[in-house]
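Asker: Kindly generate the complete structure, drawing on both the sequences and the hints.
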Amino acid sequence: MAVKRMGQQTIILPNKPAILAGAAWVGPKEGKGPLGSLFDHVTEDESYGQQSFELAERQMVLDAARAAIRKAGVREGDIRFLLGGDLLNQIISASFAARELALPFLGLYGACSTMCEALCLGSMLLDGEYADHVLCTASSHFCTAERQYRYPLEYGNQRTPTAQWTVTGAGAAVLSLSPGKTPMARITHACVGRVVDLGVTDANNMGAAMAPAAADTLLALFEDTHTAPRDYDLIVTGDLGRVGRNLLLELMNSQGTPLIEDRCLDCGLLIYSPEQDCHAGGSGCGCSAVVLNACLLPQLQEGKLGRILFMSTGALMSPTSSLQGESIPGVAHAVVLESPKAERNTRHDF
Amino acid sequence: MNRKHIRTDPAAYEQMTRQASPPSRMVQGVFRAFWVGGVVCIIGQLAAETGVQLMKMTPADGYCFAAIILVLLTAILTGAGVFDRIGQYAGAGAFVPITGFANAMVSPALEFRREGMVLGLGAKLFTIAGPVLVYGIGASVLVGLVYAIIFS
Amino acid sequence: MTFDLWMYVKAFAVGGALCAVGEALCLKTGWTPARILVGYILTGVALSAFGLYTPLVDFAGAGASVPLTGFGHSLCQGVIHAVQERGWIGAFCGGLTATAGGIAAAIFFGTIVAVFCKPHMKGK
Chain X
1 MAVKRMGQQT
11 IILPNKPAIL
21 AGAAWVGPKE
31 GKGPLGSLFD
41 HVTEDESYGQ
51 QSFELAERQM
61 VLDAARAAIR
71 KAGVREGDIR
81 FLLGGDLLNQ
91 IISASFAARE
101 LALPFLGLYG
111 ACSTMCEALC
121 LGSMLLDGEY
131 ADHVLCTASS
141 HFCTAERQYR
151 YPLEYGNQRT
161 PTAQWTVTGA
171 GAAVLSLSPG
181 KTPMARITHA
191 CVGRVVDLGV
201 TDANNMGAAM
211 APAAADTLLA
221 LFEDTHTAPR
231 DYDLIVTGDL
241 GRVGRNLLLE
251 LMNSQGTPLI
261 EDRCLDCGLL
271 IYSPEQDCHA
281 GGSGCGCSAV
291 VLNACLLPQL
301 QEGKLGRILF
311 MSTGALMSPT
321 SSLQGESIPG
331 VAHAVVLESP
341 KAERNTRHDF
Chain E
351 MNRKHIRTDP
361 AAYEQMTRQA
371 SPPSRMVQGV
381 FRAFWVGGVV
391 CIIGQLAAET
401 GVQLMKMTPA
411 DGYCFAAIIL
421 VLLTAILTGA
431 GVFDRIGQYA
441 GAGAFVPITG
451 FANAMVSPAL
461 EFRREGMVLG
471 LGAKLFTIAG
481 PVLVYGIGAS
491 VLVGLVYAII
501 FS
Chain W
503 MTFDLWMYVK
513 AFAVGGALCA
523 VGEALCLKTG
533 WTPARILVGY
543 ILTGVALSAF
553 GLYTPLVDFA
563 GAGASVPLTG
573 FGHSLCQGVI
583 HAVQERGWIG
593 AFCGGLTATA
603 GGIAAAIFFG
613 TIVAVFCKPH
623 MKGK
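Chains as they are written, first to last, in our numbering: chain X, 1 to 350; chain E, 351 to 502; chain W, 503 to 626.
Each hint should be verified, as a subset may be incorrect.
[As the list claims (entries may be wrong)] These stretches of chain X come out as covered by chain E in the derived footprint (C-beta under 8 Å, 3 or more residues):
| hint | stretch |
| --- | --- |
| 1 | 204-212 |
| 2 | 244-258 |
[Unchecked claim] Partial list, derived from the structure: chain X residues whose beta carbon lies under 8 Å from chain W:
| hint | residue |
| --- | --- |
| 3 | P152 |
| 4 | L153 |
| 5 | E154 |
Hints were generated in silico from the structure; no laboratory data involved.
Glycine is no exception: its CB is placed at the ideal position from the N, C-alpha and C atoms.
Answerer: Structure (structure tokens):
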């Protein structure tokens, strides 16, 4: 009998695994965005001093991972699991970075939901006491994603208004069960999402493809934990963009669980300013990963946010499935993050 | 039994999606395509007449010369990283003229150069422009065969 | 070199119109450029086979020959002339001969550019 469960999809983490430290590496375009000053490192150009963009993405993962380990005050050898993924075929950014780190590695593919997928699994490994420290990473790069999912960089295609811009960035977070110092946040619940597909086929409108999955996971989490949108200071979605966020609000209204609009943010909308010509907003594994590590975790640590629901969303299509005319399945995973300052006495208070 | 969380059918969601998605700007797009495409054709006309009048080409060779000049210009602009911006601005104004054909060959060549000269550059050159050649040449052979049967 | 301004106006108008139709199709249907280009080249071949495209080239010059329909027209006329001269074998030889200039230029210049340049980040 699985005792650390609540309802159909939600997992309780009674030991409340802590996020010790996070690091975010981004490209120049993200550095010029509204969150620019918060990131640990902004690269000078997209190639990051490497021969190819693939190597650049890999190097960003590596540098972010090492920075997170350093900030957490642990040694590389203390990390028992490395959980990571990216958007490229055979997740080469994560696995080739893992080759350098030489840590036990579990590669993940959840498209843009990867950061949350890693947090869900990492916190379970910790709560199950299979490890003391776990490293979670996720990355994406505009120039590597573009050629794989769309066109060569120099091809003169027109981007539609619903198209999203793949974030160049890598985020890494060190999770721990027994922190020696005050953690940035604690993970109290995790909700693993189902794959939902309402028939969207337009690969230039991924927000619309992912919004139903986001709504599905939110409804499951609220029902399982007997909470409501007002119980969270923020509900932060990964990369729904403008179109997807509006659709999520509308879907939740239609299901009778309206969200509180000004407490509902999207990483894809936070990372770029409207003048940056990114159409519907940012996307990619790196999007939610860098916003979480650079923007949300520090606010939780300082107690500016008490409890938030962080949910990355992923569109699970491939160029092959799109060309064969299949619609785009979406998935969304969520974790509940609590500020260490807002910690209450009860182990889990809902 | 598994709960059904989302109670929305795909048809209703398609309607919602259409309403939530900002439409492309039709008038602006068509206008941009028109003037850029027109200017490309003027450059082509200038090249063709230069060939015919100054280099004593036949009219057919003149148009061939114009095509080569436009392809060369596109290749340079693509390599310099400018053509993708023209394409973003003008859409069909850039891809319907032969400039689009040239860009569709040069851009994958550039992109996949890292995978080697043979299987990268050489093999990927036709990934986008290939269909145009396949169906254009295929259709022309068909026309030629029908023509040969009728007039033999 | 004589300069027939009217010819340039016609080239601009016809060439621009062909592009404008392509853009309207693109925005209306959401088809990829590759699909629209295949449609254009097939249209060019068909119009040319029925003798409808030659008058347009005579009228608008490069305005009709530079868009992809003109490419289809060249393929078709090349094939027809080759069949007239050499019989059925021309159906296989004429099209590529007539369009070799553009295709060879794209391959040649494309290769040279790819050797000397690198792809850039979009929107810089």
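Asker: Each hint should be assessed against the structure and marked as holding or not.
Answerer: Going down the list of hints, with the structure as the test:
1. With 3 residues having a Cβ less than 8 Å from any Cβ of chain E, the stretch 204-212 of chain X passes the three-residue criterion, so the hint holds.
2. A stretch counts as covered by a chain when three or more of its residues have a beta carbon under 8 Å from one of that chain; for the stretch 244-258 of chain X and chain E the count is 6, and the coverage holds.
3. Hint on P152 of chain X holds. Least Cβ distance to chain W is approximately 7 Å, under the 8 Å limit.
4. Proximity of L153 of chain X to chain W holds as hinted, the smallest CB-CB distance being about 4 Å (cut-off 8 Å).
5. Of the supplied interface hints, the one on E154 of chain X holds, with its beta-carbon coming within about 5 Å of a beta-carbon of chain W, less than 8 Å.
Hint check: no violations occur; every hint is consistent with the structure.
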